[in-house]
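Visitor: As you go down the protein sequences, you meet chains X and W in turn.
Letter by letter, the first sequence follows residues 0 to 308 in numbering that gives the first Met the number 0.
Letter by letter, the second sequence follows residues 0 to 608 in numbering that gives the first Met the number 0.
Everything labelled a hint here was simulated from the structure, so no lab data went into it.
C-beta atoms are modelled at their ideal positions from N, C-alpha and C, and glycine is treated no differently.
Some clues are possibly wrong.
The list that follows gives simulated cross-link-like pairs (lysine to any residue, SDA-like), each with its CA atoms no further than 25 Å apart [claimed, not checked]: (1) W:LYS267 x W:ASN525; (2) W:LYS34 x X:VAL4; (3) W:LYS161 x X:SER129; (4) W:LYS34 x X:TRP299; (5) W:LYS345 x X:VAL4; (6) W:LYS35 x X:LEU121; (7) W:LYS105 x X:ALA203; (8) W:LYS105 x X:VAL4; (9) X:LYS123 x W:LYS105; (10) X:LYS123 x W:ASP33; (11) W:LYS35 x W:LYS105; (12) W:LYS528 x W:GLY400; (13) W:LYS105 x X:ASP204; (14) W:LYS144 x X:LEU288; (15) W:LYS105 x W:GLN262; (16) W:LYS267 x W:PHE30; (17) X:LYS123 x W:ASP220; (18) W:LYS35 x X:TRP299; (19) W:LYS105 x X:MET221; (20) W:LYS161 x X:ARG226; (21) W:LYS144 x X:VAL219; (22) X:LYS123 x W:PHE30.
Restraint-style ranges between C-beta atoms, simulated for each label pair [claimed, not checked]: (23) X:ARG122 x W:PHE30: 16 to 24 Å; (24) W:ARG558 x X:LEU136: 35 to 43 Å; (25) W:SER608 x X:VAL11: 54 to 62 Å; (26) W:SER608 x X:ARG216: 50 to 58 Å; (27) X:ARG122 x W:GLY449: 42 to 50 Å; (28) W:ALA126 x X:LEU295: 40 to 48 Å; (29) X:VAL133 x W:GLY453: 50 to 58 Å; (30) W:ALA340 x X:LYS70: 51 to 59 Å; (31) W:GLU160 x X:ASP88: 52 to 60 Å; (32) W:ARG79 x X:ARG122: 15 to 23 Å; (33) X:LEU21 x W:GLY347: 50 to 58 Å; (34) W:GLY400 x X:GLN10: 49 to 57 Å; (35) X:LEU136 x W:ASP521: 48 to 56 Å.
Residues from chain W that keep clear of chain X, each with C-beta distances beyond 12 Å, as calculated [stated by the list, open to error]: (36) ALA101; (37) VAL109; (38) SER428; (39) ALA451.
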Amino acid sequence: MIQFVLRRLLQVIPVFLGTTLLVYFMVFALPGDPIRALFGDRPPSEAVIAQLRQQYNLDEPFWVQYGLFLKNLFTFNLGVDFTGQPIADTLARVFPVTAMLAIEALIIQGVFGIAFGLVAGLRKGGFFDSTVLVLSLVVIAIPTFVLGFALQLLIGVQLGWAKPTVGSNVTWGSLLLPAVVLGLVSFAYVLRLTRASVIENMNADYVRTATAKGLARRQVVMTHVLRNSLIPVITYLGASLGALMGGAIVTEAIFNVPGVGQKLYQAILRSEGPTVVAIVSVLVLVFVLANLLVDLLYAWLDPRIRYEN
Amino acid sequence: MTDFITLDPAVTPAPEKNGPVLEVRGLSVDFGVDKKWVPAAIGLNYEVRAGEVLAIVGESGSGKSASSMALLGLLPSNSRVSGSVKLAGQELLGANEANIRAVRGKDVAVIFQEPMTALNPVYTVGAQIVETVRLHSEVSPDEAKQRALRMLELVELPDPEKAFRSYPHQLSGGQRQRAMIAQSLSCDPKLLIADEPTTALDVTVQAEILDLMRNLRNKLDSAIVLITHDMGVVADLADRIAVMRRGVIVETGTAAQIFHNPQHEYTKALLAAVPHLGQGGADPAAEVDVTAALAAATHAELTSVPEEQLLRRERENAAALAAAEAARPQGQPVLELTDVAIEYPKQGRVPAFRAVEGANLVIYPGQVVGLVGESGSGKTTIGRAAVGLLPVAAGTMKVVGQDISAAKRNGRQLQEMRRHVGMVFQDPSSSLNPRLPIGESIGEPMFLSGAAKGAELQHRIEALLDQVELPRSYRNRYPHELSGGQKQRVGIARALSLKPKLMVADEPTSALDVSVQAKVLDLFQNLQKELGFACLFVTHDLAVVDVLADRICVMQRGRIVEQGTRDQILRNPQEPYTQRLLAAVPLPDPEKQRERRELRAQLLAAESS
């Protein structure tokens, strides 16, 4: 068990090096000069540009730049971005916000997705099942930004039930509406996955055994069907945590959430290699840890795949 | 707590002495299919008394399982049940949900066919038994655990504590079925419904489970309804028998009546179709008295058979063996294995697994060699290696004169070799491409090898359909339009299409009902005589091998432990494992099975001492 966790943690190293290298290279290869872009319409003198280039190591070849980045990373010195802000401060500011948003979205999609999917699966072919299936298809089909703007307008502006934008004062309550928008698409997938899994397990032999023992339907469902049905759902939820962290760009833009997505978008526009790579590195770590957590949960749910040496 | 039994029948109050435990009157079951009611069981009447075993026998689709599941309301929601089911005088059909639940697991318990899927894979065996116990009686978790442990001990699990803590996948098939039985018995049921309890098990394990069930019946005095298609199991356990066909009970009677004096045509046909170990082919002179052979080989003394009779039977057996020694095979071997080891190559972290070691085997032209063994013995592995699907790790393997032990995977040499080898697979449904009409499936080997094209190919396909006795008009049908037996005929036609010198048949009839199996085996035998191909026939069923094979190889844990002519193996088995295997096959005849059972008990006793 411990050996398994260690092995999985060691796997982080090549994944981490590979992704950072790739992202660093892509930012490096972006067209345009980041320094000139900083000054907009009033170009500074060549001497200033040359000095700035040297300060950010932009005059070095790619491998040297990447090497310097790695060196800084392992000495926990992420450097400063082009506006002079320490990158570490930026990360410390944006990641908690996005983490709150992602966790809220994860809880919404997990709790409601599993509950709705379970009920739909148990009443396969019924009114509830058909309605939920059609609605989930609608949710999957509509792009996030349409859903986002629509809900913002309806709930935020017209009904006034929630603040239409989040702004700098981030609370769990103010993030509720964006979290709903962010979690909605995955909610539809979780629902469908749970439903299919419940339907399959309801036909399993052990469910018949449980009924033949004399268990009530409720007990059969809650102790026997649910746990077996959750196995594929948990895998999906874990994978979606990573997607929620990194994929919130659109939602964060609509609701003006000062999180990772917004920061990443700005950094890409400015070709700020170090900031982009720093953010991506943290996201990679989140992905890997989320997957490790899924594997452990998986083993806890299903003894057949427990990791024995 | 008072309703907790001790296991002594004298203390257990019998539920109304003499009254039937279960009384079924006019039980009908229908299933709703495409808005129509399709009957699965029609007007069944039967009853079971305490301490009695009623066997309901029939082939698939006879309604034996559906009608029994209906007793407890365990059918899916698209079903309709009518009639009357009384348990100790109390009506079960139409009773409210809470009352039915109180009966399930407590008064009536069920043992299902496949213990791997019938137990929940994510809970320990102990937890599942404790759940049952606590559901029906108010006991502390600790008392329930003690009860569960006693039950696991009762079903003769070697280490009850360990079994209690194990998950179903950590137990062997036989142990899982024991755990399932322990769970069923945990609330002291008046009636036990056993739905094909031994079908998924190996024959020696099956014999152990049958022994266990017989012991338990004597100890517990429950009524048992045994649902099975296997006449041998019926002969071993049943007091009374109901034969079902197409939803109707065609005949009921005591075991002796049904086996010795069957009245209904279908019962007679069913009994005739059961392959019977020792019976051999059509020639009555080839019949082997396996009990006598085993008794001679192991020097057992049977109290159920008079001594002179046993001696006479042993002498007749020895004489027949001497006569059979004469015939010798001719020609160059079609398949020759010399000290062959076969491995499943390693995959990622999973190391290579050596499934067969030190195998020696020769098949001469026109000879049928039966390869028998239990699951995991490596018999299928040899079959697959013979067609080049698995690499040979050591030793030499010659197929049709060519040494293929060093051949490259999918290389030219293997392709060339495969033109002379045909293969018939176990599951006819999944071994035919569902998107191809069967004519194309049969013609594909000829087309790929370039053996025939155009009109010639069409002629050959029609000729092959004739050979396996399928109408030519079937050539454009798809596999799902055919029955299981018909599909297996297609599989045989495909294997024959290149006129192979060697045929590898991997359990070709084990997925079929007995009456269908008898017809397919008959066809196979005729084709083999007519076309004269050599055959490696892989099976777990000794009785099938007995019908077909000239030689028999017995495998155990990756090794061929004994081989010889059919007569040598059946008349004079030398290896303890072969003896044990032969003794475990139940005979479809209650008296003969009683002799066999005694013999088996002596064998096991002699081995353990």
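Visitor: For each hint, tell me whether it holds in the structure or not.
Guide: Going down the list of hints, with the structure as the test:
Between LYS267 (chain W) and ASN525 (chain W), the direct Cα distance comes to roughly 24 Å. Compliance with the 25 Å bound is thereby established for this hinted pair. Straight-line distance between C-alpha atoms of LYS34 (chain W) and VAL4 (chain X) comes to about 54 Å, which puts the hinted pair past the 25 Å bound. With a C-alpha separation of about 47 Å, the suggested pair LYS161 (chain W) and SER129 (chain X) falls outside the 25 Å cut-off, and the hint is violated. Between LYS34 (chain W) and TRP299 (chain X), the direct Cα distance comes to roughly 43 Å. Violation of the 25 Å bound is thereby established for this hinted pair.
Taken as a hint, the LYS345 (chain W) and VAL4 (chain X) pair is honoured in the structure, with Cα atoms around 24 Å apart against an allowance of 25 Å. The suggested pairing of LYS35 (chain W) with LEU121 (chain X) holds, with an alpha-carbon distance near 24 Å, which does not exceed 25 Å. Distance check on the hinted pair: LYS105 (chain W) and ALA203 (chain X) sit about 22 Å apart at the alpha-carbon level, within 25 Å; holds. Between LYS105 (chain W) and VAL4 (chain X) the CA atoms are separated by roughly 45 Å; this puts the pair beyond 25 Å, and the hint is violated.
Only pairs whose Cα atoms come within 25 Å are accepted, and LYS123 (chain X) paired with LYS105 (chain W) is rejected, the gap being roughly 30 Å. For the hint pairing LYS123 (chain X) with ASP33 (chain W), the CA-to-CA distance comes to about 17 Å; that is within 25 Å, so the pair holds. A distance of roughly 35 Å separates the Cα atoms of LYS35 (chain W) and LYS105 (chain W); the hinted pair therefore is violated under the 25 Å criterion. Straight-line distance between C-alpha atoms of LYS528 (chain W) and GLY400 (chain W) comes to about 22 Å, which keeps the hinted pair within the 25 Å bound.
The hinted pair formed by LYS105 (chain W) and ASP204 (chain X) meets the criterion: a straight-line CA distance of about 19 Å does not exceed 25 Å. Pair hint LYS144 (chain W) plus LEU288 (chain X) does not hold up; C-alpha atoms about 39 Å apart against a cutoff of 25 Å. With a C-alpha separation of about 38 Å, the suggested pair LYS105 (chain W) and GLN262 (chain W) falls outside the 25 Å cut-off, and the hint is violated. Taken as a hint, the LYS267 (chain W) and PHE30 (chain W) pair is broken in the structure, with Cα atoms around 29 Å apart against an allowance of 25 Å.
This hinted pair does not check out: LYS123 (chain X) and ASP220 (chain W) have alpha carbons roughly 43 Å apart, beyond 25 Å. Taking the CA atoms of LYS35 (chain W) and TRP299 (chain X), the gap is near 45 Å; set against the 25 Å cutoff, the hint is violated. About 21 Å separates the Cα atoms of LYS105 (chain W) and MET221 (chain X), which keeps this hinted pair within 25 Å; it holds. Under the criterion of a C-alpha separation no larger than 25 Å, the hint pairing LYS161 (chain W) with ARG226 (chain X) is consistent with the structure, at around 24 Å.
The hinted pair formed by LYS144 (chain W) and VAL219 (chain X) meets the criterion: a straight-line CA distance of about 21 Å does not exceed 25 Å. For the hint pairing LYS123 (chain X) with PHE30 (chain W), the CA-to-CA distance comes to about 18 Å; that is within 25 Å, so the pair holds. Under the hint 16 to 24 Å, the C-beta atoms of ARG122 (chain X) and PHE30 (chain W), about 21 Å apart, fit the expected range. Here the CB-CB span from ARG558 (chain W) to LEU136 (chain X) is close to 58 Å, at odds with the stated 35 to 43 Å.
At roughly 59 Å, the beta-carbon separation of SER608 (chain W) and VAL11 (chain X) lies within the given 54 to 62 Å, and the hint holds. Taking the beta carbon of each, SER608 (chain W) and ARG216 (chain X) are about 52 Å apart, inside 50 to 58 Å as hinted. Taking the beta carbon of each, ARG122 (chain X) and GLY449 (chain W) are about 57 Å apart, not inside 42 to 50 Å as hinted. For the pair ALA126 (chain W) and LEU295 (chain X), the beta carbons lie near 21 Å from each other, so the given range of 40 to 48 Å is not met.
Here the CB-CB span from VAL133 (chain X) to GLY453 (chain W) is close to 52 Å, well matched to the stated 50 to 58 Å. Taking 51 to 59 Å as the suggested C-beta distance range, the pair ALA340 (chain W) and LYS70 (chain X) conforms, at roughly 54 Å. A hinted range of 52 to 60 Å holds for the C-beta pair GLU160 (chain W) and ASP88 (chain X), which are about 59 Å apart. In this structure, ARG79 (chain W) and ARG122 (chain X) meet the distance hint of 15 to 23 Å, their C-beta atoms being roughly 21 Å apart.
A beta carbon spacing of about 26 Å between LEU21 (chain X) and GLY347 (chain W) contradicts the range 50 to 58 Å that was offered as a hint. Distance hint check: the CB atoms of GLY400 (chain W) and GLN10 (chain X) are about 51 Å apart, consistent with the given range 49 to 57 Å. Evaluation of the 48 to 56 Å hint for LEU136 (chain X) and ASP521 (chain W) yields a pass: the beta carbon distance comes to about 54 Å. Non-interface call for ALA101 (chain W) relative to chain X: violated, since the shortest CB-CB distance, roughly 7 Å, does not exceed 12 Å.
Annotated as non-interface, VAL109 (chain W) brings its C-beta within 12 Å of a C-beta of chain X; the closest such distance is 4 Å. The beta carbon of SER428 (chain W) sits about 19 Å from the closest Cβ of chain X, which is more than 12 Å, so the claim that it is off the interface holds. Consistency note on ALA451 (chain W): stated as away from chain X, and its beta-carbon is indeed over 12 Å from all of that chain's, at 45 Å minimum.
The structure shown violates the earlier hints numbered 2, 3, 4, 8, 9, 11, 14, 15, 16, 17, 18, 24, 27, 28, 33, 36, 37.
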